[in-house]
Amino acid sequence: MQILVNDERHDVRAPTLAALLDELGYQSTARVATAVDGSFVAAGRRASMPLHEGARVEILAPMQGG
Amino acid sequence: MTLFYGTELASRLMLGTAQYPSPEILTDAVRRAGAGVVTVSLRREAAHARAGQSFWELIRALGVPVLPNTAGCHTAREAVTTAQMAREVFGTNWIKLEVIGESDTLQPDMFALVEAARILTEDGFNVFPYMTEDLVGAERLLRAGCEVLMPWGAPIGSGKGLNNLFGLRALRAHFPDVPMVVDAGIGVPSHAAQAMELGYDAVLINTAVARAGDPAQMARAFAMAVEAGRMAYLADPMEERDMAVPSTPVIGQAVL
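Going down the list, the sequences are from chains X and S. Counted the way our numbering counts, the first sequence spans residues 1180 to 1245. Counted the way our numbering counts, the second sequence spans residues 530 to 785.
Simulated from the structure, these hints should not be mistaken for lab results. All clues stand as given, with none of them false.
Okay, the calculated bits of chain S under chain X, using three or more residues with CB under 8 Å as the criterion:
| # | region |
| --- | --- |
| 1 | 544-555 |
| 2 | 568-576 |
| 3 | 591-602 |
| 4 | 612-622 |
For each residue, glycine too, the CB sits at the ideal point set by N, CA and C.
Given only the sequences and the hints, what does the whole structure look like? Please build it.
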């Protein structure tokens, strides 16, 4: 399945957002926040969040800011 | 005492964490500033990059309250989603809400700001809106549930100081009981002191400290200016006059 992760094209097998994080190599303890198709997906909902062809996934981490 | 959503800060100087030459210099600057709050953000990161995790550990070690921002957002929807993501990552309901409307000046889009502020307030956020000094906009933000306002001094990163003194004075006078922070555009400590002398409750500085030749030294200079400005405000400054008034007594002066 072709999806976009942080605006980069990925060919993945993961059926859910939680599985995608695992497939991409994020550790389960990684301090990241996720969104699918522009909407926030809380950590507790990742396992039940299905992915679809062309889904736009954002994975964000803490960063410096002003 | 000034309360920001029920919290008294250890200092009236809020400090951004971006653009420092190194993490060590950032840490040093935050300590020397005695910052009451540090601002942070969220950005994309690949699975094996560890910058986000190590930055988070550095921030936690500082022991200073964090204020996540929605920098770079251009629509209410983007800002709301970013705020929700920030709440989960940083574990705080506080959000510095930025919705940019114009890219040359990074001027806030007051319409989208009010819309996003309403949605976030209803969702339990404590919103710190980055705004222009517009009085009507301020009124709408307060009605949307904001309990703090953050007018700009000048465009972000410009270092121009307080661009519209009249507007900032009017805003302060119209809402005397609302905690207000001058955010953005401050270039040197005298600008920060001026904002505090006007009666603003705090200032938020980033570029002016991070881009100084010696950020830690500049952080300390800002801390002193903020304290001096606040003390001056509480001491009730004299009125400005157009004509000279002699300060030395005229009575008893010799006629020579």
